[in-house]
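S.K.: Residue numbers (the working numbering), protein chains in the order written: chain F, 105 to 538; chain B, 642 to 803.
The hints are simulated quantities; they were obtained by calculation from the structure and are not laboratory data. Treat the hints with care, as some may be off.
[What the hints assert, rightly or not] Selected chain F positions facing chain B (Cβ under 7 Å, derived; list incomplete):
| hint | residue |
| --- | --- |
| 1 | 442 |
| 2 | 494 |
| 3 | 496 |
| 4 | 500 |
| 5 | 501 |
Where a beta carbon is used, it is the ideal one built from N, C-alpha and C, also for glycine.
The primary structure of each chain is shown beneath.
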Amino acid sequence: MKLRFVLLALLAIGTFGGTAALLYAWESSIAPIDPRSLGALDRAVVRRGASLALLGDCATCHTAPGGPPYAGGLAMPTPFGTIYSTNITPDPETGIGRWSEQAFIRALRSGVDREGRHLYPAFPYDHFTRVSDDDTKALYAFFMSLDPVKSSAPPNELPFPLNVRLTLAGWKLLFLRRARFVADPSKDEKWNRGKYLVDGLGHCGACHSPRNLLGAEMKSAGFAGGEAEGWRAYALGRGSLSPVAWDEAALADYLARGSHPLHGTAQGPMANVVDNLSHVDPADVGAMAHYLASLGKGEGRNDAERAASGPGRFSQAAGAQAATPAIPSEPGGAIYATVCASCHDGDRPLPLGGLRLDLSTAVADATPVNLINLVVRGIPAAAGASAHPIMPGFGDVLDDRQVSDLASYLRTRFAGKQQWDGLTKAVAEARGGR
Amino acid sequence: MTTLIVNGDSRTIEASPDTPLLYVLRDELGLNAAKFGCGLGQCGACTVIVDGKAVFSCVTPVMVLEGRTVTTLEGIGSRDAPGPMQRAFIAEQAAQCGYCIPGMMMRAQALLNRDPHATDESIEAELQPHLCRCGTHMRILRAIRRAAEEMRPKTVEARTAR
Ligand code: FES
Ligand code: FES
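Next up, chain B with everything else stripped away, as it sits in the complex:
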């Protein structure tokens, strides 16, 4: 039995320890944002955040995550109260079919959490493992830039200048 902290709640996992995190999230915990694309760690659709880092949940057996903290797209906002990353993707209408988008958002979120001033180059380099078959890359990049803007801690001057 494995215990994980998922979106802030401690969860005891019933699935056998070799089960990939992706299946546990979707089938056992009903968190369906992370998607199955390739199952090989080569497309990024299944990306979630583990202890602050973006990881491919399809190639991560729960066994190696004992006691660790997992954040999925459901953990950074909801339909009624979308987080800054989600608001930015909606504002830029960055999804076409949308299949790749949760993974893109999670890796971008992890990047901006650790570096709110990420440059365009570092955003592009960071998202390199993610595939989008619809070709909405330019909108995705715009959305991430917008989210960065919103998430950046505002300096006192910037706030008073408003």
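Isolated chain F, as found in the complex:
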């Protein structure tokens, strides 16, 4: 139903105005270059570009699982079909080796490749269009400095008419505002730097904002929470449902280290983001935190109050099993008491103890998706991050009904909120998608 409506709407947009639209939609090819003609790249610029590529999280999408970085080929499921990321190493045949700086700039700002084909907005040019000239050029220098990798992405799997790239011109007409970032003079430099990174290269809204039927971010609901690869991207700022209100210090800590004792550990696609951010200039991460904190606080109580209520209830020695509390008769409660409580209800410190679940956004959020993912998959050990919590996944121990009994118990007991709609279905989906 929904898809059909979208298809019809896009078809209408695509054919709108006939020839006029075609003229509008047409983009010319930009002459290929000989990659060798670039000569030696300025090392300092390349280094800056490398850091910008981390801020932009480029490698996350442009790398296939186990494949060479930036060589593309990652399958990105969208509500419209599967799109494969492209090779952005400077290979002349399969990568961007023949792209001039001008072609690269056009791709980032207008979503058009060197040959003049419109790119799908899975590539967030609606954000990258805000990136400054200097930064865009530094990114170009960085990508051209990489070792070329020969690798072609599989063809996209999109239904007609979405597989006709010209239809994207209609999408851009509606949703793409090509404009660089303009600083707000009433705000300080740190705030502006943060906003520039968050809205531009960082493209935080691409996941953390809901999208409309045509797959464009809903500007009216910016940062109201969105979806990314089977995970919920939580609402930021005033819409945040985190039980502990985020402040600037917590945001900075979380973004730089990937976890925070009162907020938990970044998982899903956000794990890549924080991994990248751990390697960039801390001042940039600090600026992003500063700006994000200015978006306001959600329903969470403040940190001090939470911290005062004590980290745990049961005494135990590290490495030992905690005595389980009395087993409640309801099935979800019994699972919590016997499976979860020894880590989540004890005073074993992080990373070997678990986050108190009354602090967990996964339990308090609008959808159960992340909670289910965490129960089923656990939190795998991150390479080199010894202070990170690790959690075994219980997907092979608990069946669907047990997972949903547990989730609904946690919801009532720890978030004190109304039961989620469609919990059973969400459990089945999360497991099916594994």
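The hints should help you fit chain B with the ligands onto chain F, whose structure is shown.
M.R.: Leaving out everything else, chain B with the ligands in the frame of chain F:
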């Protein structure tokens, strides 16, 4: 009282329902292959197979397993009649202290049961939750590859070519 099918036999468990499967196997059923390493689901020494999947028995209370099928290392071969996984580990002399080995074998067994053609990468990725403090990883991988070879259903051509 919980009932489990352990290595093919139906067993009624006396221990209280919150007892981890690992303790039940070792203390009540006398099946000592699965080892206690960390008790936190972070080392893999206690791994057994439940309904075809490798799970950490140290963090699995028996209560949630009512009626389900558990296979331990004792269930895939014995000292006198070792199974293909065990034969491969012996042939490659993959154990040093041996403490991690039962868990490694059980997860590898679960993987090969569901994918006899598992690639080296998928074997490595699958065994990622397992720690070996002796550093015998390369031999463990060789042993699993050898076991895969042996367990793979032979095609008609392969058999007649012998
Ligand atoms: S003892 Fe179970 S994982 Fe370490
Ligand atoms: S052989 Fe000793 S821990 Fe692996």
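S.K.: Regarding the hint that residue 494 (chain F) lies at the interface with chain B, is the smallest CB-CB distance below 7 Å?
M.R.: Holds, about 6 Å.
S.K.: Checking hints one by one. Is residue 501 (chain F) an interface residue toward chain B, by the C-beta closer than 7 Å rule?
M.R.: holds (5 Å)
S.K.: So, residue 500 (chain F) near chain B? Judge it on the closest CB pair being under 7 Å.
M.R.: holds (4 Å)
S.K.: Does the nearest C-beta of chain B fall within a distance shorter than 7 Å of the C-beta of residue 442 (chain F)?
M.R.: With Cβ-Cβ at 4 Å, under 7 Å, it holds.
S.K.: Tell me if the interface restraint on residue 496 (chain F) is satisfied: Cβ within less than 7 Å of some Cβ in chain B.
M.R.: holds (3 Å)
In summary, this structure violates none of the numbered hints.
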